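Visitor: Protein sequences appear in the order of chains A and B. Just so we're aligned: the first sequence equals residues 1 to 876 in my numbering. Just so we're aligned: the second sequence equals residues 1001 to 1446 in my numbering.
Watch out, some of these pointers could steer you wrong.
[Unchecked claim] Quick list of in silico lysine-lysine cross-link-like pairs, DSSO-like style, CA-CA up to 30 Å:
1. A:27 x A:93
2. A:538 x A:560
3. A:853 x B:1197
4. A:22 x A:196
5. B:1380 x A:138
6. A:620 x B:1380
7. A:301 x A:359
8. B:1380 x A:560
9. A:476 x B:1119
[Stated by the list, open to error] Here are some chain A residues pointing at chain B (derived, C-beta under 8 Å):
10. 151
11. 825
12. 850
Source of the hints: derived by calculation from the structure; they are not laboratory data. Please read all numbers here as calculations on a predicted model, not as lab measurements. C-beta: ideal position from N, C-alpha, C; glycine also.
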Amino acid sequence: MASTKRIKKIKFGLLSPQEIRKMGVTKIITADTYDDDGYPIEMGLMDPRLGVIDPGLRCRTCAGRPGECPGHFGRIELVAPVVHVGFAKLIRKILRATCRKCGRLLLEESVKKSYLDQIKLLNKLGQPYDEIVKNVFKDAIKANSCPYCEEAQMDIKFEQPTSYVEDGHKLMPADIRDRFERIPDEDIEVFGMDPKNARPEWMILRVLPVPPVTTRPSITLESGQRSEDDLTHKLVDIIRINQRFQENREAGAPQLIIEDLWELLQYHVTTFLDNEVSGVPPARHRSGRPLKSLSQRLKGKEGRFRGSLSGKRVNFSARTVISPDPNLSISEIGIPIQIAKELTIPVNVNSRNLEECKKCVLGGPNNYPGANYVKRLDGRRVKVIDENKAELAELLAPGCKIDRQLKDGDLVLFNRQPSLHRMSIMAHKVKVMPYQTFRINPAVCPPYNADFDGDEMNLHVLQTEEARAEAQILMKVEENLLSPRFGGPIIGGIHDHISGMFLLTRGNVTFDKYNAIELQKKLDSIALPDPAGYESGKPYWTGKQIFSQLLPSGLNLTYKSKMCDNCEVCLKEECKKDAYVVIKDGNLLCGTVDEIGIGAFAGKILDRIIKEYGSVEARKFLDNVTRLSIRMITRIGFSFGIDDEDIPGDAQEQIYDIILNAEDRVKRLIEAYEAGDLDPLPGRTIDETVELKIMQELGKARNQAGDIAGYHLGVDNSAVVMAISGARGSMLNLTQMAACVGQQSVRGERIQRGYMGRTLPHFYKGDLGADAHGFVKSSYKNGLSPIEFFFHAMGGREGLVDTAVRTSQSGYLQRRLINALQDLEVKYDGTVRETRGQIVQFVYGDDGVDPSKSDYGKSVNVRRIIQNVTGEALGG
Amino acid sequence: MKRGVSSKTAQILCGAGFTLSKLKKASVEDLVEAGITSANAKSILKKIGTPIETSEEKVSQKIIDSKEGVSQKIIDSRLGELHLPPSIIDALQHDLKTIKLTETQLDEILKMTVDAYEKAKVEPCEAVGTVAAQSIGEPGTQMTMRTFHYAGVAEISITLGLPRLIEILDARKVPSTPMMTIRLKDEIKGDRDAVRKLAWEIEATSLLDLGDLSIDLAEMQIIIELNEKTLSQRSITSKDIAQRTRDKIDVDVRLDGLKLIIHPEQPSYRELLQLVEKLRSTALKGIEGIKRIVIRKEDEEYVLYTEGSALRKILHCDGIDPTRVKTNNINEIADVLGIEAARNSVISEAMDTLREQGLEVDVRHIMLAADMMTCGGELKQIGRHGIAGEKASVLSRAAFEVTVNHLLDAAIHGEVDELSGVTENVIVGQPIRLGTGDVELVYRGG
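Could you build the full structure based on these sequences and the hints that come with them?
Guide: Written as structure tokens, this is what we have:
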């Protein structure tokens, strides 16, 4: 349905007084808006010819109703010309660069010509010529007398914001206008101006265009009082002064009064255009609030450009809280039925879907699945209500259009702000569900960067066939499994998916037939291979076998899992930790599946399946993996509580010893430092050296404490399982909970700030010891002492500030990057060009390879191809 | 006979009837046949002086030939016919060498490689710019703000993380922590003393580094007591110092043994303080801008890390290897080595910054950003004063920053917006000419 009509180009220029008069539908002379009956006054600021906003009235210019009529400009004839503030600086430059008598540019003919040629050339090439214009002004100002009429030139002083003084006399805008009118067209071009569209005298306003009523609607308050827009207020001021000016002039008032009024008129016109000019007190509303001028309407984030034109509010969208549902497919989204009833899809009724459509209309707006609107053959749109649904259904015929309510299988766009990359908006298939939240499979959280602590997300319903086709092909979740950032998977198992898989595949977990099938209950297909063995006559299956059921046949893969310690001599299949993963022909022979297997960002198995078996197969695999692992983890009953951090008493003793030892060594270091026995590290002062050494010592102590805690917690501890499988948390987190929180830091060093020479009054001045600078001996579980707590809060606060600063900075960086690069596109010849057609790259990325189709940045995985052909694994 | 060969292997060799002259002609295979492991064989040949590379090639050649596989020659000629990027050809060449192949297998591999490459190519109309911008910008939220000490040299701290990335893309004239890595010529790179001497030579030395300064208010003079040890370390004599001070600062300098007495032109307190400041900032010796040098040993070679950067002057120094000098000041690189070098520097600096944070971003995205910054022949910033400010479209510029000024200027210049970019078309409300919006092919039904 894309229209073939396009706006080809937009030309910018200055409005000449003639043009303003031509486009202004009426002269505005009265400062009043509405009469006592509430009707707009003619020739007033709300003249009905300027467009209408009150319902029931019609525009006197185009006969349109409110909403149809775009509004029309009026005009105010200014009694005396005034300067346009936006051009004040340029006016000064031109004044100084042209002759005060003959109006010509103060440059020799030949110099002028060479400048003009340069400008024309650059213009033709589409390059900026600001520099040359700058030089023109610089050169012209130097002249003391006109090269043409030999008139001596005087210095012109510019007084902010809009007055010009020549040799002690104030230049009135009328004088400036006269001068500018004398400048020949040819000279205007040398200023980089276009004499046809922007003559310099047009920068001095004689006629003021009055914006249409539609751009400054008045609002009726509850009390029945009308409240006018800021712009209207400003226009009232302008008209009043204009009138007074005229009266005074006609009455032959003294020059002084005339000048004062002129200045006042200038002030009002200035603040109408821009109320933030430096040197001008901002015009204020009666309440004291500064008025919003024309330029402020355009500026900034909420201004017209960024707020209303680049980003708009849309219909057919919904927003609510999200929550997880592991039983959904990753490509699905659960939608509350209330939302499904509200959102619609337009359907053209034809002979083939007539019955279906009828059923929808019969359902009405309340009985899901129904329809909310019907566009009848006569073109009228009728809202479906329970009273008329039967009648409407009866009249339904091919050629009608209905707005059908959302139903299962429809494609919708789902989005979470901030939309930092293209995976922040993806297309999901609808699944209508009870309750009030959007439901998603937790595996799609990483691309949206979502969690379920109260996050809300937006949903948009596609309205045209073209949009649905594009979404289907380009935006579906399956199509976005791989991130274009690094060419690896961005959607994958998270948290419990990884813990579950880890527990299922580690070592030899066995299941009898009942349990093996029970585990597979939620999968697409339930099947069991030959049992791994028999125990007391009964067959059993291993967890690895059950996982293998999900792998596509023919998959070969070998890698080291997250647990791998990078031993010097790899035992490979014999690895004691079961960290060497071998998959042959779709069977997991050995190794444990963890984050590096199926996790988002890292998952190697996932990566291979996406790249070798395609996105649909990968989606199925992910759906099954998530369901299987959730089932596994539920079966086991995986939990973590405060007593999981308990460590035996003697381990606690050991940890104390370690910390005491460390403190001792720190003390000795300080003694050495004070005695001057410490050798500074190269390029460091002695103070820095002692700090560094203390930090090292304390860091080492914390690590040792952590090792002891880790050893005593054992591999079956839930937190340890999560840490080593990569599901959540790290051994460091565990150390802090169970053993020792460790050194707190601000700005990357020990805590130094506070009182003079000490951090807190509890310490001696100059104390360098561990306690005095934020070393926290306690663990989170044992609790922090008040002093430790304070230091911990200092470190914590720094983190919060850091995050807050970072988000704004990186947000701005992203905006700049997008703005700089957004127009780049790969053309059909393989070059990358910007809008002007300038080539940026001859071949995209030096090899023409799309990163999202590459293998972690490598264009072709040669090794894998060779392996697949020869069936031999290459070393290294 | 021994020549550093272990006695056991020597015995084996003697047993096989090798003499030194025979051994010189022998290849690895010959030795392997004699009962020596191939690794050992290689090391023996190395010691004797047989060029090992050729013999290694022979090995692979032999394996392929002996197993009736395709010869290296055929592989090479086949690879030459392919239209593939060099990186793939290199990978093929490297991997095919290590394995025996039949001709059909070779054909299949090459076919599959070409297919895979064709499949991995970008599609026309792809909005690569937006993808690149997102791919660089998105990890920004995950970066740290803090400046940390440089991983390799703990002594020199440099800006890292998000501030550094912003700095690179801003094309700042001087980075907040300029730094150079200087590698040296083969002759001196292993010699610690020579390297140290060179470092003293390069490092900017002000008068205050050489002695202790005191101000004599009564006589209105500055007295500097030179440190003899430092002088000899930096190989500079007190006479030299006096002369250089005179040349550089143009003041009256008197030398009294190891005492340097300096008089300001006018005996005023202000002049005196200004003079001290001047003495502090003027480099008597070395290269101005190189504030500190740290020497580090990196696999058998000493490397200089400097705080401060002065690429042009460093390149003219004797003893340094100009091909292996690095600075993190991109603008300096653009000035000295040209815009292409600057482009490469943008890419490598940005990649290093991201990698240091453990963030994976494809080079192609950064390449695109770097190419956009440099394609005009000079380094342009990503932002208002660079690319975004020089765009062709008025509306696009107005929507980015300083809205009103852009509109006023456009009016003055009578600019025309061709509505070819993204923002402009969003603003006027019509389809964008990128991606699926750029396809003009219409399917005629029927």
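Visitor: The structure should be examined with respect to each hint, and the outcome stated for every one.
Guide: Do the hints match the structure? See the list:
1. A:27 x A:93: Given pair residue 27 of chain A, residue 93 of chain A is violated - Cα atoms ~33 Å apart, limit 30 Å.
2. A:538 x A:560: violated, 33 Å
3. A:853 x B:1197: violated, 52 Å
4. A:22 x A:196: holds, 17 Å
5. B:1380 x A:138: holds, 25 Å
6. A:620 x B:1380: violated, 47 Å
7. A:301 x A:359: Answer violated: residue 301 of chain A to residue 359 of chain A is near 47 Å, above 30 Å.
8. B:1380 x A:560: With a Cα-Cα distance of about 44 Å, the restraint between residue 1380 of chain B and residue 560 of chain A is violated, given a limit of 30 Å.
9. A:476 x B:1119: holds, 20 Å
10. 151: violated, 26 Å
11. 825: holds, 5 Å
12. 850: holds, 4 Å
In the structure shown, a violation is registered for the earlier hints numbered 1, 2, 3, 6, 7, 8 and 10, in ascending order.
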